[in-house]
Structures are given as C-alpha cells and as structure tokens.
Amino acid sequence: MTNADIHSDAHAPILKVRNLCVYYETPKGDVLAVDGIDFDLYEGETLGLVGESGSGKSTAAMGILQLVVQPGRIAAGEVILEDRNLIGLSENELRNIRWIKLALIPQGAMNSLNPTMTVGAQIKDVIVAHEGRQLRGDLKARILEMLSTVGLPGRVYELYPHELSGGMKQRVCIAMAIALNPRVIIADESTSALDVVVQRVVAQTLLKVKQMLGVSMIMIGHDMGLMAQMADRVAVMYAGKIVEIAPVAELFADPKHPYSQILIESVPSLQERKPLKIMEGITHDPRNPPPGCIFQLRCPFVMGQCRVDPPPMRASKTGHLVACHLYEVSEDGELVNVRVAARDT
Amino acid sequence: MSELLLEIRNATKLYTQRAAGGVSREVVALQNFNLNIPKSPASIITIAGESGSGKTTLAQVVLGFTRLSSGQIIYDGQDISTADAQQMKAYRRQVQAVFQDPFGVYNPFYRVEHVFNAIIHNFQLARGNAAKAALIEDSLKIVGLHSEDVLRKYPHQLSGGQRQRIMMARAYMIKPKLIVADEPVSMVDASLRASILDVMMRLKEEGISFLYITHDLSTAYQIGDQICILYQGSIAERGRTVNVIDRPHHPYVQLLVDSVPAPNPKMKWKGEITLPPEEEMRSSIHSGCRFYPRCPKHMDRCLIAQPPLYQVDTVDHEAACYLYAEDAIPTDVPQSVSV
Chain A
4 MTNADIHSDA
14 HAPILKVRNL
24 CVYYETPKGD
34 VLAVDGIDFD
44 LYEGETLGLV
54 GESGSGKSTA
64 AMGILQLVVQ
74 PGRIAAGEVI
84 LEDRNLIGLS
94 ENELRNIRWI
104 KLALIPQGAM
114 NSLNPTMTVG
124 AQIKDVIVAH
134 EGRQLRGDLK
144 ARILEMLSTV
154 GLPGRVYELY
164 PHELSGGMKQ
174 RVCIAMAIAL
184 NPRVIIADES
194 TSALDVVVQR
204 VVAQTLLKVK
214 QMLGVSMIMI
224 GHDMGLMAQM
234 ADRVAVMYAG
244 KIVEIAPVAE
254 LFADPKHPYS
264 QILIESVPSL
274 QERKPLKIME
284 GITHDPRNPP
294 PGCIFQLRCP
304 FVMGQCRVDP
314 PPMRASKTGH
324 LVACHLYEVS
334 EDGELVNVRV
344 AARDT
Chain B
6 MSELLLEIRN
16 ATKLYTQRAA
26 GGVSREVVAL
36 QNFNLNIPKS
46 PASIITIAGE
56 SGSGKTTLAQ
66 VVLGFTRLSS
76 GQIIYDGQDI
86 STADAQQMKA
96 YRRQVQAVFQ
106 DPFGVYNPFY
116 RVEHVFNAII
126 HNFQLARGNA
136 AKAALIEDSL
146 KIVGLHSEDV
156 LRKYPHQLSG
166 GQRQRIMMAR
176 AYMIKPKLIV
186 ADEPVSMVDA
196 SLRASILDVM
206 MRLKEEGISF
216 LYITHDLSTA
226 YQIGDQICIL
236 YQGSIAERGR
246 TVNVIDRPHH
256 PYVQLLVDSV
266 PAPNPKMKWK
276 GEITLPPEEE
286 MRSSIHSGCR
296 FYPRCPKHMD
306 RCLIAQPPLY
316 QVDTVDHEAA
326 CYLYAEDAIP
336 TDVPQSVSV
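Here the protein sequences come in this chain order: A and B. FYI, the working numbering numbers position 219 of the first sequence as 222, with every residue one higher than the one before it. FYI, the working numbering numbers position 255 of the second sequence as 260, with every residue one higher than the one before it.
Hints may contain errors.
Stated by the list, open to error - Straight-line distance between alpha carbons at most 27 Å, and here's what the computed DSSO-like set of lysine-lysine pairs gives: (1) LYS127(A) to LYS104(A); (2) LYS271(B) to LYS213(A); (3) LYS280(A) to LYS273(B); (4) LYS209(B) to LYS271(B).
It should be emphasised that the hints constitute simulated quantities derived from the structure, not laboratory data. The structure displayed is predicted, hence computed values, not measured ones.
Just chain A, same shape as in the assembly (with noise of 0.2 Å):
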C-alpha cells in the first residue's frame, strides 16, 4: 500500500512530495539535508513537521518553494502542486505560482519585513506585482480587510514594522502570506520568539485564518505542545528523513517510531512532573550517513538489520506510516510491533 492509496476515499491531496533530495556542497561530500521525503498535503489539512534543528525541516520547505540557494541544490524529486511538478519550472512560472498559490510565512518573519516600508504600502506590492496595477481606494480596501481578518487594526497600514511588536509583525507577515488567497501556505517556525500569550494569539490566528480560507498549511516547528494544539497531522524528520507520520492524537497516544517516542516522552508537560527522560546526541555526520537506518547510533532498540537495510516507510490502514524494522503490517492493516509479538507467542 502506498502513501496515497490510503487518502483515496477522502479528498485528493494538493500537495505531493515525491523522493525530494535536497543536497549542501562541502568541500568534504555533500550533506544530506533532506534526503528522499515523501508525502502528501490534503485539501484543508495543517500537517506539522517537526524534528530538532538540522533535521531538515526549513531545507524541506525551501525544496518545496523551489528557494534553495547555493551551496545547495535539489538533487532529485517531485513537488506536484495540483497536478504540475514544480521541480524544474523556470523563474517566470514559478513567479506565477509563488503567493499565487503557494505562500511562505518565513521564520523570524519579524525580520523579514521591509524596514523602510509602511506596512500598508509592502502590502500593496505583493499584490500590484502579481496583479497588476489597480485602484487604490479598491487596493486600500482590500488590505485593510486582510489586517482585520489577522486581528489588526486599521491604523497599522500607516505604521512602519519597527512600530510594531513581535506579535503584530508576524501577523503582518500572516496577512501578507493570504493576500493572494493560495492554495498552500508554509509556516516555518512561525511562532517561535514569541511570548506564550502572544504565541497563542499569532497561533490562533493562523487556525482562525486556515478555515476562513480552507487553505492547505504545511507547520514547521519543534514545539510539540504547539503541533498538539494545531496541526492534523504530524511528519517527524530525523537527519533529513521522515520517520513517521500519523494523525495527530494517534501519533501523541501511540507513537511508534523509537525517535518519535523519545520526541513525545521528553516534552515538559505542566499537567505532570515526572522524571526527565534522558537521551544521548550522538548523531552521524550528514555528509556520510550509515547504511541502514539513520537512527541505529541513537536507537535504544537497534538490531542487526538496522544496520544493513533502510528501513522502508509502513501504512496502518488509519494513516500512520512509520519507518522502522520494529514493525511489520498485519493482515487487519495495524502496524504490529514484531519484537512485542515475537515474546507474546
């Protein structure tokens, strides 16, 4: 069974990623930043990406929105948004697609804003490049509509971004990703930096805004409390794999993959205090990963296979796929822990 056999009852996915490698040039190899992830985005869905810093996930992104620079290259893949692979489209197409329909909320949107620029007028340009020029009072109109729908008010298209607090850029930055009304927005690290109230609002925006548009949302990020809160589905990267996606309750009540255990076992909780779950930060070097599986060195279970055979990614018949020997397909389409049912019988 394959990743998209398993959504064909539900709604087509918008987004599909296909074998996507995106490589960094060193003098010593190329790192492996993202090295072969599949998946899909469905109509409507948020699905987070998580995973530590260098897993990947920003280098995802950018593979997605054709935006790697160099020393980095997209070695190999698919990315088809609504049937068209946007892989090796030129500058002038993916003007075309770019905002259009696919949007990115950058991390640290607060700095990416223009700093000599009122808001109102970064706006305006967004639009009247992609659209054309139009009437300003209509144009004026229609901004003024995307800050309140962002829960700003109007006085901050006169403002310049230094005026602004964290909260409110980010929400600029929000406001800017929906202008065009896409099909596909990216929010990386979007509510990092930010205060927990102020997070909770950004974050309650971007749902708010998600619905009122019906737009697809990829979230990337590594606060796991925020995915619980926002997302649909969760993908967890580890040294530019995915390991394991699955719909968010499953994968907080039942995760599979011994790196996503570890994942969702060492997050703080202020329901509980319990004993700190330690885990050593041994990892490979990117540039020359281990045959096998990427995460032998750190997992607690690792066997023999692990070492010789990647693992290939398993379906559940709900959705959950994960890549690890621990687990095998049962006739009834659960993922069965073969070690567990090994001791059982």
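Since the structure of chain A is already known, use the hints to place chain B on it.
Leaving out everything else, chain B in the frame of chain A:
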C-alpha cells in the same frame, strides 16, 4: 554570618530612553524586587516572565554586570555595591553564570579544554597536571561526560546539549554557591533539554542553588522549587512552583498558564484571547497595576496604586492583585517576605 545566601532588597533598575528632541523618559526594568535565597537547603528558584518583564535585568544585576538604580543586593551579609576588590573576587567565584547561547560562549579557535584550563589558572584551583586532570574529570563526570571524549574537541564538534553541559561543568568546578542560569535550555533541542535539567538537579544535590531564568513554565514546573513570575518589572505571583502553576491566582499568571500549548491533542486551547493595542499596554507604567489594560477582572482601585503581594492559598504563595485583598490576610510587609 547571615542565614541568607543572597538577599535582594527593593531592587529597582531604571533605564533612561532618550527620544528625539531631547525628551527622555524612564523605563522601569525592575521595580522593588525582593528575593531571599537561604544558604541551605540548596534550591532552584525560577524567575519567569515574558520578554521585557525584567528577568534578564535581574540576572545582570545579580551577576554585577550592571548596577541597580536603587536597592541592595546582599551576598552573605555583604552589600555587593560596597564590596572591595577582594570581596568582589570572592563573590564572582561563588556566583557563577550559565548563559542562553551554548554556541556564542565558546571561542571557536580553542579546544574545549581551554575553558577549563583558563579557569583553573585564574582561580588557582589546582597545581600540577595530574591534579588538574583529576579536577576536570571530576567536574565532567557530574554532567555525564568524559574528558577523553570532549576535551580535545573544538566547540563545533559538540552538540548544543553537550556544550551547555560543559558550561555547567565549568561552573561546578569552581564550587560556587549559586549559579545564575539565564535561559540555559531555550537554544537546545527538545530531546536534549532533559539532560541539562537533570544536571541542574544533580548540582542542586551537591549544594548549589540556582536562579533559573526562563520564559518556559513547563521546564520550571519539572525542576523548580520556588517560582517568581514577573510582569513588566514587578512580581505578579510567587510561591512554590507546583502551587503557583497548579493553582494560579493572579489574572496574568492564569492567562499565562492557560496559554502554554498542552502537548496533548485532546486538550485544546479554550476560547480566544485578544491583546489590547500596544500603547494601552504601556499606559499604566507609573500608576496602578501594570496588568490593568489586559486584565479581564480589573477594578477601579487597580488604577490608584500598584497592588502589594497578598497571601493566597498557602503561607508562601502570594499574588500582587487586589482580588485577594479582602478575603486574604495581607502579609505585614509584603516586600520583605522570604520566598
């Protein structure tokens, strides 16, 4: 000799902001802050708050990087603003710091061993190579590292978690009484955070107290003994960490605790919150409660004067809010109650 290790009395820090046209205005970073840290038992005291709440200013005045506008910091009975050079050197030895950025604190040209050698040399901690090596090995052991694995490496060859643990080992080697840890885990990956928090717990067992400065309530909840939650330079609520977070009383702290995203998809945020426009948030700086513009329960009296700390719930649990003025017993001199 005092019973208290560190006593912060009415600490106030003002910064003067010069605007165009020669008009200057004062920004209160920290206002009438009081905190007592007992000599024993060692404890982890969390200072939490959002950006601009004054938590880093507090770290800087305790570490002696900047001077208070008014108030005192008394270490072991000695006011550090009047300490002589020798007393200051002793203070710097007994109060150590671990900073937020485990990348920026290292000189990338030196191997990790340089960090330890420099401090052994500066404080004359050991003589002879064997004694030095034993001292370093001993310090690294407590943070779960081995000298042969890390000492000959350059900082870029270590993970953020390892680098931060080495900073903890460095601080431990001097055998301080207090470590000021300013956001020590916020730049370390989630899966490695626990190892640093664990080191803090272990050092506490060794008799070292922590002033743990963070914006992350969940890590404070896991390891902290006492907590002070600051809002725009003043204490909003303080008490035992578990009490404050399980039963927050101040409206700001209630909002804060409620806004921490729960790592559980079944416990979604309830209701939507809105923030007042920026200028209103800064309007009540000099009179009344600073949380007034955002407070869902504000009353007229909140505008007249800043609320003192009132006892709520248990003896050592206090909140600076008039909601608790009538039914709770105001602690006699609210500013000088020990935590």
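Checked hints:
{"no.": "1", "hint": "LYS127(A) to LYS104(A)", "verdict": "holds, 18 Å"}
{"no.": "2", "hint": "LYS271(B) to LYS213(A)", "verdict": "holds, 20 Å"}
{"no.": "3", "hint": "LYS280(A) to LYS273(B)", "verdict": "holds, 25 Å"}
{"no.": "4", "hint": "LYS209(B) to LYS271(B)", "verdict": "violated, 35 Å"}
Checked against the numbered hints given earlier, this structure breaks only hint 4.
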